[in-house]
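S.K.: Spelled out from the first residue to the last, the chains are:
2 protein chains.
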Amino acid sequence: MFQGTLREVVDGTEGGVASVVMDLDGIALESYAKPDSDLDIMTVGIELSVVLRSARQAAEALGAGATQELAIVADKMTTLVRQLNANYFVALSLAPGGNVGKGRYLLRTRAPELASELG
Amino acid sequence: MFQGTLREVVDGTEGGVASVVMDLDGIALESYAKPDSDLDIMTVGIELSVVLRSARQAAEALGAGATQELAIVADKMTTLVRQLNANYFVALSLAPGGNVGKGRYLLRTRAPELASELG
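If you read the sequences in order, they're chains A and B.
For what it's worth, the working numbering labels the leading residue of the first sequence as 37, then goes sequentially.
For what it's worth, the working numbering labels the leading residue of the second sequence as 37, then goes sequentially.
Derived from the structure by calculation, the hints contain no laboratory data.
Hints should not be assumed to be uniformly reliable.
[As the list claims (entries may be wrong)] Below, a list of computed lysine-lysine pairs in the BS3-like style, where the Cα atoms sit at most 25 Å apart:
1) B:70 / B:138
2) A:112 / B:138
3) A:112 / A:138
4) A:138 / B:112
5) A:138 / B:138
6) B:112 / B:138
All of these numbers come straight from a predicted model, not from anything done at the bench.
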């Protein structure tokens, strides 16, 4: 269902490793990881859902409105998250030095398509 | 102490509103906000510290190493966070449409100076 789009996002981003569509409780709908990746994108999604919930609470407390995007740059992995609707998000993990701008662009432009599939 | 650098970061970023150096418990060391801003950067920092702690825990759980940067894009505010050392971070809030790339660049290039002042 989302497989083609997730693959397009991962393969279209230099350094892209894996991508997942999940709900805010960390339950994955679908994911795609590069064949040579040993990244457990399910675990990534579960951890991210905690961060995203805390970011949403912060934005709400600050009157900053709905959270659209989140990016976490760590030593060994960069993760981009984009909210699809009130309950779902899509995440993309990149290796260090990956093309973050391209990843953000692909998530942003593919989000409406993913959101419409969520109904 | 940090005032000049914080001001430089805010004024040097198109759409920059306020900046703060805080510890991970949300206690501010110093902040600067544009005179016409009604943003309470102290409250922003406190909320961010919660998000940053959760991002650090996630990165640790995933074996992704130390968290260097965090970005939260919400409807009415974008906030960039950069880790300075194990205990302190610097944050910059921008109005929607602000120059996120420039803000990230300024935080990254000024971080060593801020970190060295922390001792």
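S.K.: Evaluate each hint against the coordinates.
M.R.: Against the structure, the hints come out as follows:
no., hint, verdict
1, B:70 / B:138, "holds, 17 Å"
2, A:112 / B:138, "holds, 23 Å"
3, A:112 / A:138, "holds, 18 Å"
4, A:138 / B:112, "holds, 23 Å"
5, A:138 / B:138, "holds, 17 Å"
6, B:112 / B:138, "holds, 19 Å"
Hint compliance for this structure: no hint is broken.
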